[in-house]
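So the protein sequences, as listed, match chains A and B. Basically our numbering = 1-based index in the first sequence + 2. Basically our numbering = 1-based index in the second sequence + 2.
These aren't lab readings, by the way, just hints derived from the structure by calculation. Be aware that a few hints might be false.
Identical copies carry no separate label here, and so any pair may be met within one copy or between two of them.
Derived lysine-lysine pairs resembling BS3-like cross-links, with alpha carbons at most 27 Å apart [to be verified]:
no., residue 1, residue 2
1, K269, K85
2, K172, K89
3, K172, K54
4, K64, K172
5, K97, K229
6, K472, K403
7, K152, K353
8, K472, K124
9, K54, K173
10, K404, K415
11, K353, K269
12, K229, K146
13, K173, K472
14, K89, K173
2 protein chains.
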Amino acid sequence: MNLRNNWIILLVGFTYISSAQSVVVDVRKKTYDTTDSLVIRSLFDEALTNGKSYSQLNYLCKVIGKRITGSQQAENAVVWAQKEVEKYGADRVYKQRIQAEHWIRGDKEKVSIEGDREILLKSCALGGSVSSNGPLRAPVIEVKGIEDLKNYDVGDFAGKIVFYNEPMDKKLINTFEAYGACVSQRYSGAAEASRYGAVGVLVRSMTTLTDHFPHTGSMGYRPGIQKIPAAAISTQDADILSQYLVDNDSAIVTMEFNCYTADRTVKTNNLIAEITGSENPEQIIVFGAHIDSWDKGEGAHDDGAGTVQCMEVLRLFRELDIHPRNTIRMVLYMNEENGNRGGKTYAQEAKKANESHICAIESDRGGFSPRGFSIDARSDQIAQVASWEGLLEEYGLHFFKKGYGGVDIGPLKIEENRVDSSLFLMGLYPDPQRYFDYHHTDDDVFENVNQRELELGGASMASIVYLVDKYSYLFR
Amino acid sequence: MNLRNNWIILLVGFTYISSAQSVVVDVRKKTYDTTDSLVIRSLFDEALTNGKSYSQLNYLCKVIGKRITGSQQAENAVVWAQKEVEKYGADRVYKQRIQAEHWIRGDKEKVSIEGDREILLKSCALGGSVSSNGPLRAPVIEVKGIEDLKNYDVGDFAGKIVFYNEPMDKKLINTFEAYGACVSQRYSGAAEASRYGAVGVLVRSMTTLTDHFPHTGSMGYRPGIQKIPAAAISTQDADILSQYLVDNDSAIVTMEFNCYTADRTVKTNNLIAEITGSENPEQIIVFGAHIDSWDKGEGAHDDGAGTVQCMEVLRLFRELDIHPRNTIRMVLYMNEENGNRGGKTYAQEAKKANESHICAIESDRGGFSPRGFSIDARSDQIAQVASWEGLLEEYGLHFFKKGYGGVDIGPLKIEENRVDSSLFLMGLYPDPQRYFDYHHTDDDVFENVNQRELELGGASMASIVYLVDKYSYLFR
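Start from the sequences, fold in the hints, and give me the full structure.
Okay, structure coming up:
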């Protein structure tokens, strides 16, 4: 635990693979020093003993509340965050105008199975869904995911409500992989079913739990295809509906939702705050999270946690008087949940202004105990980040692997579509076991975030920003 | 993620340290094969999709409940566990008689500050404390930990209640280190203060949280020193009492407890269940947890989680038809919390019977997301275990470091005090951030255990038992 006083110049990071065929040896330079270990210790010490992220999250969740794009709460959150980071003393704090769709849930959400005794299913509209235009009554047909549609005859879905019931695979240790494997039924289920004449869609909630919360989330239609209403039902109720179909051969379901997308887009904002680089102010390391949330619960893990962790990164740099060489820029993106206009606008504006980004880092996987970073980069860049494991493992960070960066930072890489680009992306990777217990539900509330886990994530973000900044020349 | 089909014979585990002075290269044999990766995958798959540990924990917590040594619930737990593991088809299931003290909390627990308005402090007696014999009224003197006593004059404590108020250090990432650093005030605080004439002791609860739960735990007296009552107060109330002393110079506190230790010891039991080794039945790999708990909450994390994980190991071996080469033996120890008679008796009986243990493994750090194992062993043995990281890291297991084994398995090593002994100890190391939020309180209940985290821990225990068994010859 006290290695930090001993090392001076070290070489580590061997990967050695030997088989009958080949021997590969990859030696990387370990480029950290005693100063780095002291700085990182001080970041964690400050976050754990004097951290502000937990009380900030309390405010964001309990005073401001859930904050879907276009809502007053979303606007309030941006105003609040701006004031807070101005207090921390960022060099530049400004809003970036974006334009986004405004979806409104409405006050009518009901799904029930018809019968001698009506069975109510706990449900909520998927974000972006059209209204059912009053009660929509139709027979139900159950399928697994999208892929399962092709196992039916073209006429099987006409006039019916399609019930997508593919569960998340509990065997996958990384629950995000399980989510990724079947979220297409939620996003594209309505568009696909509508092609075959379906009149509505019910989707099993995206969680490994069997519980009573419906999990909302985004969905989209396709041009030229009839828009039909789509709703999530809780996993408990998905099991009940599925069993009902086994016991009764058929079921008539009524779904009634009055959600809608407003005719006019809304003008809203990303919030940006910077500390100017002392050596290369024109080179940017961006780190961020999304300040909007679904209109369920309080958006505590998704992504209140990431929001306050990023604010904490700025505070830690100021509090500990760390002067970055490059400009470090926090972006709190609006509209990640239903349109990603924040991330896309940021990327477009960056391109227009011909800005140069070294790296983009995101925290949007919940405020759980951090384990490392998922890295979307060249293999030498990944190896470089992984070479810091010796510095970071005492803080529980051991995962430095190729993987997905994040929804908000993705567009930056797409816009910077150049062969010679060295831009790379990283996503904070917290322990993933509990994320989908709360994701997009009324249970995603402040009480379900642990203070120490949240604080460790903020310090981890600050540490990686510090290291990427200091050693940015190694990532070219 | 799909490495498992590729490797055949591999050499890994390089440690390379280079400085101006020296080069050390340590090459270890990686001794696992494709079969191992398939077996471990099947252990996790079964635990995550068909695991029984969560429903077992539900029963242990909600039907049986808290279970301090000597209570009817503790006896019920042993009877229940015996029936359950018999159902799984262990080759031998038997009880091991132990004799232990029986401490009873009583129905009177009150601490208050005297004044115009009485201030009640949330409190509970420490396990083993004597009664206050009616209300005990005395002035309070605040100190930090045990070490702080020597900063006072000998006469300062006479007739007073000593208030130990050393907080756990939030900066330590491993909260068990923070606990270890100041738990002496709870265990020995009364004995030490009594030497200087103190009449009672209040101890700040052992948690990094500021909350309203008093955390109980064990304490001990010293022969020849007057026994004085000792209680924990919540961290919130410790802060209130400390501030009161700042504002008022002095405080008169009344403490009233009617707890006591029964005159006669009780006869109770460890529960043991084995699968006989196919090649070396006389060689034993023991793995265990403690079935008793404090008389607070439901003993869910401490150590209901470990208990059901160990039962799950047996079930997994039977369900997947894994035949160990050596005998694998589950021990559910009684009395870990207040006397450790279970662990000590097991070790003594093992010595008497001249049994040969390869390894002892314990799960007693809560049912949180597993990260690896803390290993009390020779460095070559630690290196051997660590060489399995390539197999286990996809399950989130990355921590294989020298460290403490566990309270229940410790006596086995002490009894086997031989120079040539190759016995080594391992403790499952789950993420430690939340453990002390619940530890020894009314909040240590089933609802605070996450199903997937619990199940991953059971599969981790099964995996390490499988590997140590298969490669036991490498640990001699």
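Hint check results:
Taking identical chains as interchangeable, the C-alpha atoms of K269 and K85 lie at most 27 Å apart only when both belong to the same chain, with a minimum of 20 Å there against 65 Å between chains. Taking CA atoms no more than 27 Å apart as the test, K172 paired with K89 passes between copies only; the shortest distance there is 26 Å, against 44 Å inside one copy. For the identical chains of this complex, K172 and K54 are inter-copy neighbours only, at 14 Å across copies versus 35 Å inside a copy, given an alpha-carbon limit of 27 Å. Only between protomers do K64 and K172 lie at most 27 Å apart by alpha-carbon distance; the minimum there is 25 Å, versus 32 Å within a single protomer.
Taking the closest pair of Cα atoms, K97 and K229 never come within 27 Å of each other, the shortest separation being 34 Å inside a single copy and 66 Å across copies. When the C-alpha separation of K472 and K403 is checked against a cutoff of 27 Å, the pair qualifies only within one copy, where the shortest distance is 21 Å, while the shortest distance between copies is 30 Å. Taking CA atoms no more than 27 Å apart as the test, K152 paired with K353 passes in neither setting, with 42 Å inside one copy and 66 Å between copies. For the identical chains of this complex, K472 and K124 are neighbours neither inside a copy (51 Å) nor across copies (49 Å), given an alpha-carbon limit of 27 Å.
For the identical chains of this complex, K54 and K173 are inter-copy neighbours only, at 15 Å across copies versus 36 Å inside a copy, given an alpha-carbon limit of 27 Å. For a Cα distance limit of 27 Å, the shortest separation of K404 from K415 inside one copy, 15 Å, qualifies, whereas the shortest one across copies, 42 Å, does not. For the homomeric pair K353 and K269, the shortest alpha-carbon distance inside one copy (21 Å) is at most 27 Å, but the shortest distance between copies (77 Å) is not. In this assembly of identical chains, K229 and K146 lie within 27 Å of each other by CA distance solely inside one copy; the values are 21 Å within and 67 Å between copies.
In this homomeric assembly, K173 and K472 come within 27 Å of each other (Cα to Cα) only across copies, at 24 Å, whereas the closest approach inside a single copy is 39 Å. Taking the shortest Cα distances, K89 and K173 sit within 27 Å of each other only across copies (25 Å), while inside one copy they are farther apart (46 Å).
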